[in-house]
Amino acid sequence: MPRTIVEFVNLHTYFDTADGVVKAVNGVSFRIREGETVALVGESGCGKSVTAMSLMGLLENTTGRIVDGEIRFDGKNTVNMSRAELRRIRGKDVSMIFQEPMSSLNPVLTIGEQMAEPMIEHLHMSRKEAHAKAVELIRMVGIPRAEAIARSYPHELSGGMLQRIMIAIALCCKPKLLIADEPTTALDVTVQAQILDLLRELKRQLEMAILLITHDLGVVAEMADSVIVMYCGKVIEQAPVLSLFQHPRHPYTQGLLKARPSIGRRTERLYSIPGQVPSPIGLGNSCYFSDRCDRCMDVCLAQQPPLRAVDDRHSVACWLYEEGIRDVRSAARG
Amino acid sequence: MSAPTRDKGNTVVLHVAESTAEMPAAAEPYTPPKTVTAEGVRPYPGAPAAPREPSLPRRRIANPQSPWSTAYRRLKRNKMAVFGLMFLFAMFLFSFVGPFFSPYTEGRVNVALIHKPPSASHWLGTDDLGRDVLTRLMQAGRISLLVGIVSMVLSVLVGAILGVLAGYYRGLVDHLIMRAADVLMSIPEIPILIVIGAILSDLKISSEYRIYVVMLLIGFLAWPSLARLVRSQILSLRERPFMLAAEALGLRDRRKLRHLLLNAAPTLIVVATLGVARAILSESVLSFLGLGVVPPTPSWGNMLQAANTLIDFQLRPWLWIPPGVAIFLTVIAINLVGDGLRDALDPRTNR
Numbered sequence: 083m084p085r086t087i088v089e090f091v092n093l094h095t096y097f098d099t100a101d102g103v104v105k106a107v108n109g110v111s112f113r114i115r116e117g118e119t120v121a122l123v124g125e126s127g128c129g130k131s132v133t134a135m136s137l138m139g140l141l142e143n144t145t146g147r148i149v150d151g152e153i154r155f156d157g158k159n160t161v162n163m164s165r166a167e168l169r170r171i172r173g174k175d176v177s178m179i180f181q182e183p184m185s186s187l188n189p190v191l192t193i194g195e196q197m198a199e200p201m202i203e204h205l206h207m208s209r210k211e212a213h214a215k216a217v218e219l220i221r222m223v224g225i226p227r228a229e230a231i232a233r234s235y236p237h238e239l240s241g242g243m244l245q246r247i248m249i250a251i252a253l254c255c256k257p258k259l260l261i262a263d264e265p266t267t268a269l270d271v272t273v274q275a276q277i278l279d280l281l282r283e284l285k286r287q288l289e290m291a292i293l294l295i296t297h298d299l300g301v302v303a304e305m306a307d308s309v310i311v312m313y314c315g316k317v318i319e320q321a322p323v324l325s326l327f328q329h330p331r332h333p334y335t336q337g338l339l340k341a342r343p344s345i346g347r348r349t350e351r352l353y354s355i356p357g358q359v360p361s362p363i364g365l366g367n368s369c370y371f372s373d374r375c376d377r378c379m380d381v382c383l384a385q386q387p388p389l390r391a392v393d394d395r396h397s398v399a400c401w402l403y404e405e406g407i408r409d410v411r412s413a414a415r416g
Numbered sequence: 049m050s051a052p053t054r055d056k057g058n059t060v061v062l063h064v065a066e067s068t069a070e071m072p073a074a075a076e077p078y079t080p081p082k083t084v085t086a087e088g089v090r091p092y093p094g095a096p097a098a099p100r101e102p103s104l105p106r107r108r109i110a111n112p113q114s115p116w117s118t119a120y121r122r123l124k125r126n127k128m129a130v131f132g133l134m135f136l137f138a139m140f141l142f143s144f145v146g147p148f149f150s151p152y153t154e155g156r157v158n159v160a161l162i163h164k165p166p167s168a169s170h171w172l173g174t175d176d177l178g179r180d181v182l183t184r185l186m187q188a189g190r191i192s193l194l195v196g197i198v199s200m201v202l203s204v205l206v207g208a209i210l211g212v213l214a215g216y217y218r219g220l221v222d223h224l225i226m227r228a229a230d231v232l233m234s235i236p237e238i239p240i241l242i243v244i245g246a247i248l249s250d251l252k253i254s255s256e257y258r259i260y261v262v263m264l265l266i267g268f269l270a271w272p273s274l275a276r277l278v279r280s281q282i283l284s285l286r287e288r289p290f291m292l293a294a295e296a297l298g299l300r301d302r303r304k305l306r307h308l309l310l311n312a313a314p315t316l317i318v319v320a321t322l323g324v325a326r327a328i329l330s331e332s333v334l335s336f337l338g339l340g341v342v343p344p345t346p347s348w349g350n351m352l353q354a355a356n357t358l359i360d361f362q363l364r365p366w367l368w369i370p371p372g373v374a375i376f377l378t379v380i381a382i383n384l385v386g387d388g389l390r391d392a393l394d395p396r397t398n399r
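In order, the protein sequence lines correspond to chains F and C. My numbering applies: residue 83 is where the first sequence begins, and numbers increase by one. My numbering applies: residue 49 is where the second sequence begins, and numbers increase by one.
The hints are simulated quantities; they were obtained by calculation from the structure and are not laboratory data. One or more of the hints may lead you astray.
As the list claims (entries may be wrong) - Mimicking DSBU-like on lysine-lysine, the simulated pairs with C-alpha atoms at most 35 Å apart in a straight line are:
{"hint": "1", "chain 1": "F", "residue 1": "Lys-340", "chain 2": "F", "residue 2": "Lys-285"}
{"hint": "2", "chain 1": "F", "residue 1": "Lys-215", "chain 2": "C", "residue 2": "Lys-304"}
{"hint": "3", "chain 1": "F", "residue 1": "Lys-158", "chain 2": "C", "residue 2": "Lys-304"}
{"hint": "4", "chain 1": "F", "residue 1": "Lys-210", "chain 2": "C", "residue 2": "Lys-304"}
{"hint": "5", "chain 1": "F", "residue 1": "Lys-256", "chain 2": "C", "residue 2": "Lys-304"}
{"hint": "6", "chain 1": "C", "residue 1": "Lys-304", "chain 2": "F", "residue 2": "Lys-105"}
Unchecked claim - One-sided excerpt, in silico: chain F residues whose CB lies under 7 Å from chain C:
{"hint": "7", "residue": "Met-138"}
{"hint": "8", "residue": "Arg-169"}
{"hint": "9", "residue": "Arg-172"}
{"hint": "10", "residue": "Gly-173"}
{"hint": "11", "residue": "Met-178"}
{"hint": "12", "residue": "Glu-182"}
{"hint": "13", "residue": "Ser-186"}
{"hint": "14", "residue": "Leu-187"}
{"hint": "15", "residue": "Asn-188"}
{"hint": "16", "residue": "Val-190"}
{"hint": "17", "residue": "Pro-200"}
{"hint": "18", "residue": "Glu-203"}
What the hints assert, rightly or not - A few chain F residues that face chain C, going by a derived Cβ cut-off under 8 Å, partial list only:
{"hint": "19", "residue": "Arg-170"}
{"hint": "20", "residue": "Lys-174"}
{"hint": "21", "residue": "Phe-180"}
{"hint": "22", "residue": "Ser-185"}
{"hint": "23", "residue": "His-204"}
All C-beta atoms, glycine included, are put in the ideal place defined by N, C-alpha and C.
Next up, chain F with everything else stripped away, as it sits in the complex (with noise of 0.2 Å):
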């Protein structure tokens, strides 16, 4: 078995706002192994970035708060390191792209300029030697003219050419983990499936373990090894990406996957999961997802479903399949 590169441990990420705390990541555990990509899947305020955003110690400057859990990346605790040191796994053995590429890079400085920054900050090279290796990097996300590239400015490029530029910034320094913060949302069809292409060949050469956030499950489909499903800061399924799309098992996945759109099945209307995502302050003893559950069941009313594996690899959080409920549930129906 893979070496287990980042391992989350119960971690509970609330922010205080001026209505209350907002558990945006609340009892999430789940690992990356070494080599694996992990898709993070759930809709917006679903706590995917949250989770990542703990990791890489970003939450500084927001509300943000870790309360309780750990994260492990490598062994280490990264939850109670310094800023020195996060500072000095951040963008060396942890690095992230995000969704944005065109407002993800400074305007006023060149692309060889903003590339070279980090390898000169954590390889300790020199201002030459990293301009030399941000050209090479700059070849080896695809684009061609390389050196004139390293001239220009980020308004000059197209957003899936800064896309590239963004993934190149973020591994030239051979990162352990990648994490992609929904990296396709910004671009158009094409692009988004060369960037993936791209990210795809360059795990494979780099041998980097990725940690994708998506909302989109064609993404998922095409990259993941495994995948989490999120809803309300919760981990509510998790199972190998084959899985995962053969059997979903909590309903919000099965829902999902009934509202995607797909080739050679047309139909007037797309599926979509009835009612909307319940407000993220003040939330109940319920299970999260019971009021738009067509599936309800009055022990879904009292308490949460606690992560329980199904089979294997795959664990599912929900009422339905927990032996001793379905008894309950079919002597109710008797």
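We have chain F already, so just place chain C on it with the hints.
Structure of chain C alone, referenced to chain F:
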């Protein structure tokens, strides 16, 4: 990569062809893997082709459009700003090079030549001690421009550094700096200048050193508004996604501050330019009140002050018109350049 060096007259279409042809060589073994998805083989358009999008017109890339060169081009199109710049350049030549062509630079007192009107030997006449007014005007220009620039540089340095620290670190640092700025800003400037000027007169600081004190003074009094401006800029810039990205790359604070400062630079340049005009005016006011640069060192302000009698006003206009006009035109020119820079550097005024 064998990029053709000729690029004049090439068409965009040609580049597309070139860049696709170059691709496989550029990216090392780049074969998009076949992907099996939940729905079978993924059909995506143009799968085997190399990325086609790097098809920017070559000319633009060959000559990168830095934000600065764009701003320069825009500034050049602004007639008033160019006029202001040219005037300032002339003023610098007049003040710093002019005296070398004057036979009267020693400023010797000559009783025989007191209060002579403009003539062929003294183009702007002579003053109450028989000194050449034109020469004194040039030498005064040196002092005034120098005071203006040095105190601006000083206030920008102090203001920018404190503003960046306050905006970036917030918390206690921010509080200390901003409250200090509030205190300074809540006292009207002229009374402070008068009080400090009076103290300086009492300390009997000699005429040459007084200029430096005046520079320091004016520069010091100008930093709070600058610090506020820079702080507000930094506060909004630090929330921009590219700063989060810089943070995620684990850059040191020093580098992040540089990123921020470079983004705030346009505003800073505009304010600094306008600050020179303000400093020149402050110096003139101060010298006019006899609290700034004191004779025998000439400055435009104390030349005006020397002509501050009804007789001079009515009968000897050559004593007060030249320094007055010099102050007026220089300040106007600086403001024109400042406005031009504002339009050139601010992307929102894209015209």
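Verification of the hints:
1. F:Lys-340 x F:Lys-285: With Cα atoms ~30 Å apart, Lys-340 of chain F and Lys-285 of chain F stay inside 35 Å; holds.
2. F:Lys-215 x C:Lys-304: holds (21 Å)
3. F:Lys-158 x C:Lys-304: holds (26 Å)
4. F:Lys-210 x C:Lys-304: holds (20 Å)
5. F:Lys-256 x C:Lys-304: Cα-Cα ~22 Å, so holds.
6. C:Lys-304 x F:Lys-105: With a Cα-Cα distance of about 30 Å, the restraint between Lys-304 of chain C and Lys-105 of chain F holds, given a limit of 35 Å.
7. Met-138: Check passed: Cβ of Met-138 of chain F comes within 6 Å of chain C, closer than 7 Å.
8. Arg-169: holds (5 Å)
9. Arg-172: Since the shortest Cβ distance to chain C is 3 Å, the answer is holds.
10. Gly-173: Because about 4 Å separates Gly-173 of chain F from the closest Cβ in chain C, which is inside the 7 Å limit, the hint holds.
11. Met-178: OK, holds: Met-178 of chain F within 7 Å of chain C, min 4 Å.
12. Glu-182: holds (6 Å)
13. Ser-186: Cβ of Ser-186 of chain F sits 4 Å from chain C, so the hint holds.
14. Leu-187: With Cβ-Cβ at 6 Å, under 7 Å, it holds.
15. Asn-188: Hint on Asn-188 of chain F: holds, closest Cβ of chain C at ~5 Å, below 7 Å.
16. Val-190: Nearest chain C Cβ about 5 Å off; hint holds.
17. Pro-200: Since chain C brings a Cβ to about 5 Å from Pro-200 of chain F, closer than 7 Å, the hint holds.
18. Glu-203: holds (6 Å)
19. Arg-170: holds (6 Å)
20. Lys-174: holds (6 Å)
21. Phe-180: holds (6 Å)
22. Ser-185: holds (4 Å)
23. His-204: holds (7 Å)
Checked against the numbered hints above, the structure violates none of them.
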